[in-house]
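Given the coordinates of chain R, assemble chain F onto it according to the supplied hints.
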Amino acid sequence: MKQEFAMKDTFVINGERKTVEFDAADTLLTVLRRAGHTEVHSGCDRGECGVCTVLLSGKPVNSCQVFAASVRGRAVTTVKGIGTLENPHPLQKAFAEHGGIQCGFCTPGKIVASYALLEKTPNPGDEEIKRALDGNLCRCTGYSQIIESVRSAAETMHSGEPEEGGGV
Amino acid sequence: MEKKKWFYPEQIEEVPPLLEQGAALHAGGTALLRRSINPERAFIDLQGIAALKEVRTETPLSLGPMLTYFEAAEIVEKLPDYALLQRALETAAATTLRNRITLGGAVCDAPPWSDLMVPLLLAETELALLGKREESRSLSRYLTVPADRKETLITRLILRKPVPGELYFRMVRTHFDYPLFTLGICRNGPEEAPFHLAVYGCRGRFFNDYAAGPAELQQKAEEVSFPARGGFSPEYLRERFRTELKRLTARIDQAE
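Protein chains in written order, with my numbering: chain R, 1200 to 1367; chain F, -5 to 250.
Hints should not be assumed to be uniformly reliable.
Unchecked claim - In silico DSS-like pairs for lysine-lysine, Cα to Cα no more than 30 Å straight-line: (1) F:K155 x F:K47; (2) R:K1319 x R:K1292; (3) F:K(-1) x F:K47; (4) R:K1329 x F:K72; (5) R:K1258 x R:K1279; (6) F:K240 x R:K1207; (7) R:K1329 x F:K47; (8) R:K1279 x R:K1329; (9) R:K1292 x R:K1217; (10) F:K(-1) x R:K1207; (11) F:K(-1) x R:K1217; (12) F:K47 x F:K126; (13) F:K240 x F:K155; (14) F:K214 x R:K1319; (15) F:K47 x R:K1258; (16) R:K1258 x F:K72; (17) R:K1258 x F:K(-1); (18) R:K1207 x R:K1279; (19) R:K1279 x R:K1217; (20) F:K72 x F:K47; (21) R:K1292 x R:K1258; (22) R:K1319 x F:K72; (23) F:K214 x F:K240; (24) R:K1217 x R:K1207; (25) R:K1279 x R:K1292; (26) F:K47 x R:K1217.
Said to hold, decoys possible - Stretch by stretch, here's where chain R covers chain F in the computed footprint (C-beta under 8 Å, at least three residues): (27) -1 to 7; (28) 34 to 48; (29) 89 to 98.
Worth flagging that the hints you see were computed from the coordinates, not collected in a lab.
Just so it is clear, CB atoms sit at the ideal spot from N, CA and C, and this is done for glycine as well.
Pulled out of the complex, with its shape left as it was, chain R reads as follows (with noise of 0.2 Å):
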């Protein structure tokens, strides 16, 4: 039996335009998962983990934290949007290669935000990187190498190297 809900609307989730249907009180992260943007983990429903994290008009936010009906066509971006299997962004490589990645769940989001604070603040230092992951928990890496990663990512990225990967 088909589901019903009770509003729609159509949002633009990884450049594309798609139209989506939800409850009040549904958040952005119940949406994109169930539109098929697994990509996206559910961690605490609380905002304190991280793992949700997308881009909401280019600005990183916990989706579990944001009722889908005040997205009104803003633009989502996951992880997906910026980087693909075929086309990975730099930060994509730079975390598989630096061990950025252990059980990966909180990899997506990490990567979001990571790539929020690269589009700001092309060359950061440990301490920008720290402050621009506050709000993203990992329990297996210890962090140094996800900061590692972040920053062979961004060196990557500005080094006059041919730039690989999506990015929306």
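Just chain F now, kept in the frame of chain R:
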């Protein structure tokens, strides 16, 4: 009320009639999501009202209630004499939440762990309110009189005094914790009592007073007490407060 769940006003004036019908204000939404939401209740999404993000940087500083913590921090960073406000905004919560929590939403919700209240109390903030009529209220009164918060929309936060300096402390166990209390001191009082102390998250919600010097600040602070919170006893929190107050007042002594 007709069963429409969300309203999207574009002008401030559209809001009071919706409030009178029992709809709830939605700014960033983070406080609403922490509560059990009545499924029948309608929400008024304020994001489409441009006037609620207006900023006036001439004295007194006026900030729109729909500014997020991130946006407000960027604005006050460029102004002299609001360093304490900037610090509070930049250390609150986390990056992802600072992009959603709004000034007005934080004042309206006023949870005990708010980082925003101390600098606003030190600034002797006045709130421009719109309900059945336009009114203004001091923040101190707004926090203590529930009737002021009913069916009103904050349209502006007016900071009557600057909040310079770095004498700010938030009691947290780890960086990303919500503070158990916050405390700030700045030198913006009258000549006879220039030091202004504000504490938020204590018993009675907040403490706000002026003193002639560091010794008198410590004396006045004897009045501050705490409820048990976050697994910590009132005695521990009070001792911690007294210790941090001593550290901050020592910095005043060193500066002088």
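Right, here's what the structure says about each hint:
| no. | hint | verdict |
| --- | --- | --- |
| 1 | F:K155 x F:K47 | holds (20 Å) |
| 2 | R:K1319 x R:K1292 | holds (20 Å) |
| 3 | F:K(-1) x F:K47 | holds (24 Å) |
| 4 | R:K1329 x F:K72 | holds (23 Å) |
| 5 | R:K1258 x R:K1279 | holds (16 Å) |
| 6 | F:K240 x R:K1207 | violated (56 Å) |
| 7 | R:K1329 x F:K47 | holds (29 Å) |
| 8 | R:K1279 x R:K1329 | holds (23 Å) |
| 9 | R:K1292 x R:K1217 | holds (28 Å) |
| 10 | F:K(-1) x R:K1207 | holds (12 Å) |
| 11 | F:K(-1) x R:K1217 | holds (22 Å) |
| 12 | F:K47 x F:K126 | holds (22 Å) |
| 13 | F:K240 x F:K155 | holds (24 Å) |
| 14 | F:K214 x R:K1319 | violated (45 Å) |
| 15 | F:K47 x R:K1258 | holds (17 Å) |
| 16 | R:K1258 x F:K72 | holds (21 Å) |
| 17 | R:K1258 x F:K(-1) | holds (26 Å) |
| 18 | R:K1207 x R:K1279 | holds (23 Å) |
| 19 | R:K1279 x R:K1217 | holds (15 Å) |
| 20 | F:K72 x F:K47 | holds (17 Å) |
| 21 | R:K1292 x R:K1258 | holds (22 Å) |
| 22 | R:K1319 x F:K72 | holds (18 Å) |
| 23 | F:K214 x F:K240 | holds (12 Å) |
| 24 | R:K1217 x R:K1207 | holds (10 Å) |
| 25 | R:K1279 x R:K1292 | holds (13 Å) |
| 26 | F:K47 x R:K1217 | holds (29 Å) |
| 27 | -1 to 7 | holds (count 3) |
| 28 | 34 to 48 | holds (count 4) |
| 29 | 89 to 98 | holds (count 5) |
In this structure, the hints that do not hold are numbers 6, 14, in rising order.
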